[in-house]
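For the sequence shown, our numbering begins at 65 and goes up steadily by one.
It cannot be assumed that every hint is accurate.
Derived pair list, reagent style DSS-like, types lysine-lysine, alpha-carbon separation capped at 30 angstroms [stated by the list, open to error]:
no. : residue 1 : residue 2
1   : K144      : K157
2   : K196      : K159
3   : K157      : K196
4   : K196      : K144
5   : K144      : K159
6   : K160      : K144
7   : K144      : K169
8   : K169      : K157
9   : K160      : K196
10  : K196      : K169
11  : K169      : K159
Keep in mind that the hints were calculated from the coordinates and are not lab data.
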Amino acid sequence: MDTIVGWLAGYVTAFISFAGYLGVALLMGIESCNVPVPSELILPFAGFLASTGRFNLIDVVLVGTIGQTLGSLVSYYIGKHAMDSRLLFWVSKEKKEWLHQWFEKYGEGTAFFSRLMPGVRTFISLPAGAAKMNVIRFTVYSALGCLIWSSVLAYAGFVLGQNWSEVEEYTKYLDAVVVIGVLVMAVVFLWRRRENFIK
């Protein structure tokens with residue numbers, strides 16, 4: 065691990081060792097509130113502790129999912145409040161309408177699949193709230209995506225054991241692919257909608 069990640073990993077592991085399952089849930093909730101505390105450190109370490117018998121793997125997955133889901137709801141309501149209070153004053157009426165239509169039509173898939181995308185998974189709650197996506201549908205599909213994400217990372221830490229930190233190294237490559245993909249889609253979208261965006 066590099067210096068910054070190693071420093072962060074030290075605090076994450078110390079907090080989880082002290083706070084147990086509650087620490088896992090709190091850290092995952094904080095990450096889902098868009099604070100840069102990577103789940104790629106939290107869940108694999110908790111999975112490693114499960115391999116030693118200190119934690120139960122299923123419980124790790126459940127508390128990780130609950131923490132992420134609750135944190136996502138906090139971000140959802142931040143996005144909703146920002147739109148309601150007109151904090152996003154620079155967003156035109158046309159763009160707000162497009163955002164609303166997108167989540168009305170593709171909200172379930174967006175909420176679900178975004179949870180499986182490193183680098184962007186924690187930020188989707190803000191536009192979902194701003195678009196006033198049905199909060200029950202948002203919660204259900206977000207939780208399902210979070211369940212898969214928690215299961216994969218926790219199980220990886222369980223299997224790797226003391227080498228749990230290698231999970232974070234592998235996800236860096238996935239992060240890069242996702243970021244590039246999102247940027248390409250954004251450029252294509254903006255190009256196709258360029259006439260609307262200059263109004």
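Cross-check of the supplied hints:
Distance check on the hinted pair: K144 and K157 sit about 15 angstroms apart at the alpha-carbon level, within 30 angstroms; holds. For the given pair, K196 sits about 14 angstroms from K159 by alpha-carbon distance, which is consistent with the 30 angstroms threshold. Using a Cα cut-off of 30 angstroms, the hinted pair K157 and K196 holds, with the two alpha carbons roughly 15 angstroms apart. As the CA atoms of K196 and K144 are separated by approximately 6 angstroms, the hinted pair is consistent with the 30 angstroms bound.
Distance hint between K144 and K159 is fulfilled; the C-alpha atoms sit about 15 angstroms from each other, no more than 30 angstroms. For the suggested pair K160 and K144, the alpha carbons sit about 12 angstroms apart, so the restraint of at most 30 angstroms is met. Among the hinted pairs, K144 with K169 is consistent with the structure: their alpha-carbon atoms are about 18 angstroms apart, no more than 30 angstroms. Distance hint between K169 and K157 is fulfilled; the C-alpha atoms sit about 18 angstroms from each other, no more than 30 angstroms.
Restraint check: the Cα-Cα separation between K160 and K196 comes to about 10 angstroms, which is no more than 30 angstroms; the hinted pair holds. Only pairs whose Cα atoms come within 30 angstroms are accepted, and K196 paired with K169 is accepted, the gap being roughly 12 angstroms. With a CA separation close to 15 angstroms, the supplied pair K169 and K159 stays within the 30 angstroms bound.
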